[in-house]
Each structure stands twice: as C-alpha cells, then as structure tokens.
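Novice: Position chain B relative to chain A; hints supplied.
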Amino acid sequence: NAGVTQTPKFQVLKTGQSMTLQCAQDMNHNSMYWYRQDPGMGLRLIYYSASEGTTDKGEVPNGYNVSRLNKREFSLRLESAAPSQTSVYFCASSHENKGTQYFGPGTRLLVL
Amino acid sequence: AQRVTQPEKLLSVFKGAPVELKCNYSYSGSPELFWYVQYSRQRLQLLLRHISRESIKGFTADLNKGETSFHLKKPFAQEEDSAMYYCALSDDSNYQLIWGAGTKLIIKP
Chain A
12 NAGVTQTPKF QVLKTGQSMT LQCAQDMNHN SMYWYRQDPG MGLRLIYYSA SEGTTDKGEV
72 PNGYNVSRLN KREFSLRLES AAPSQTSVYF CASSHENKGT QYFGPGTRLL VL
Chain B
75 AQRVTQPEKL LSVFKGAPVE LKCNYSYSGS PELFWYVQYS RQRLQLLLRH ISRESIKGFT
135 ADLNKGETSF HLKKPFAQEE DSAMYYCALS DDSNYQLIWG AGTKLIIKP
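From first to last, the protein sequence lines stand for chains A and B. Using our numbering, the first residue of the first sequence is number 12, and each one after it goes up by one. Using our numbering, the first residue of the second sequence is number 75, and each one after it goes up by one.
Pulled out of the complex, with its shape left as it was, chain B reads as follows:
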C-alpha cells in the first residue's frame, strides 16, 4: 500500500547546525514527491517538489529510489525555519496526495 512515513514527530536543533528531516515512502509506481511547510499561524505552502530540483530557502531534497527516501536537508538552520514540515507523495492512480504525519522542527537560538 502507498504510504509516507516521517519517523520524527519532533526535531530540535540549534541555530547554525545542519538539519535533516526524514521521509520514507512506499509506492509501486514512479513517485512524485513534495515537501510542504506550515509556519506558525500560516497556511500550508509548498516548499519544494522533487521534479523541479530547486533549492528553496536553503533546503534541498534528493529522491533516493533505492532507499525509497526523500529527506529534506539544510546545512545551516535558521530560527525562521521553525515550522511543521510535511512530506507528500502524488498517487498516479487518482488525484490524491498521500501525506506523512509531519515533523515539527524547532530551531533553538
């Protein structure tokens, strides 16, 4: 069955430290993966999608089909990165996104 797993509910790192938010997926087709972010009191918004291969706000994510992972990384965390992060997978068979449970990232000063 299609599934997206974010193993960490909460991740706390110090400002300036590297950040890695983990995302693993289970999908039989060719996956299209996304990272969405929700800052405090704001709406969910797209951070990046793997097909665009962009770096947004210093974040990057590489699709590793062998490990079925799409981890989100940033070399130097900033306080404004504190937010809820969701990994999502686009299901080819319908119009749905399959969502992970989310990881709350806290950047300590």
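This is chain A alone, in the form it adopts within the complex:
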C-alpha cells in the first residue's frame, strides 16, 4: 500500500516549457487535491476533484490545468511555465470531503 505517490520528485524547467505532474493513490479515495507550498504562505489549493469525473478550481488555479484520469490518478499540467510557479507541489487525497487528507511526498519545481 503505497498511499499517495507523485512523479517526478524534482524538475527544472525553462520559462515557457510545459510539463505534467502525476499523482496516484491506492486507497480508493474519492477526493483528490493539488496544492502548492511556498515559504510563509502555507499551502494553497490549486485544483481539486471531489469525485471521479469532476474538477474544480481552488484558490490559485491560474496557469494550471488538471485531469482526473480515473479514480486513482489526478494530474496537474503547466502549459507554459513561469518563474512564479517555482514551488513545491503536493498532491493529496481523502475518502470523503471532510475527511483526513493524505499527502504525497511532493514535487520540487524550479522554473528558470
């Protein structure tokens, strides 16, 4: 039981490049989330998916897109990376909307 997994662990991009961050969970959770973590700002929700087939914007969705591929997988795409997107990205999942969220190990992204 791996819990929540994320790939890659670390990525360096040039401004304007695109990439997709992958997230998968094996806990049969309904809800999945993407956050970014920046110093002094805590965690900010980018997008979430309450259940398979649905996605909704969080606090900071601009510059990102998501896909809930199936119940297990929830990907985050940066179409044209900007230096302001340099951050640590965390994926999380929960069984129910008010339940405990379980986090992945994070992806460190550096945009030059």
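In short, the hints are calculated from the structure, not lab data. Cβ coordinates follow ideal geometry from the N, Cα and C atoms, glycine included. Incorrect hints may have been included.
Stated by the list, open to error - Pair by pair, the computed Cβ-Cβ distance ranges are:
1) B:Gly-140 / A:Glu-84: 38 to 46 Å
2) B:Thr-142 / A:Arg-119: 30 to 38 Å
3) B:Ser-102 / A:Leu-123: 38 to 46 Å
4) B:Asp-166 / A:Gly-64: 20 to 28 Å
5) A:Arg-88 / B:Arg-115: 22 to 30 Å
Specialist: Relative to the frame of chain A, chain B by itself:
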C-alpha cells in the same frame, strides 16, 4: 471570510519545556479543525483532528469556540518534535481545507 491564522512563523523552545502553537480561526459554521505536521524531508501528515479528541505523540489541542482557537500543546517538548506545523479548517460548503501559514517549531537541546 473563513480564515486560519497562525501568528508565529517560528517558535523555538528548549527540550523539556512546554510548547504551545497558536491557531485562531474565523468561520461562520461549525468548524472541524486539524493539525498537520511536516518533519524534515517528509510528507505532510495528520497529527490530530479535534473530533477524535486523541493525544498523539503527547500533543493535544482543544477547540475553544468562544475564543475561536485551536492551540496545539505539549507539556514537555522533545527534539524530535522539531517540524513545521499547520493548522487547518474544513469548510462545510465545499471540499476544501483552509490552511494557516504554518509555524516552524525548533526544539533546542
């Protein structure tokens, strides 16, 4: 507006001393509150949630609706408690957690 405030960015205490990490919230509904912890180079994990009323790793937190607070306490700090601590509030209206900015706790030997 819903908000979670952790007034201390950094808290440094000596080993064996009591620890209190402050969390205040602003929420119009019935709050459900959490404390998450992130140890160095590890993923965020749940420390405790107020509805379970458990004590985890010696930490406790009591919801004070009058003061709108959910402070995290431990009577005797240990070096392994050094970590980043986040307070979070579950928003009834959607599927989101509202997060505080976090407090970095350093336990000095």
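Novice: Look at each hint and say if it fits the structure.
Specialist: Hint check results:
no. : hint                              : in the structure
1   : B:Gly-140 / A:Glu-84: 38 to 46 Å  : 44 Å, holds
2   : B:Thr-142 / A:Arg-119: 30 to 38 Å : 35 Å, holds
3   : B:Ser-102 / A:Leu-123: 38 to 46 Å : 43 Å, holds
4   : B:Asp-166 / A:Gly-64: 20 to 28 Å  : 23 Å, holds
5   : A:Arg-88 / B:Arg-115: 22 to 30 Å  : 27 Å, holds
The structure is consistent with each of the numbered hints, conforming to all of them.
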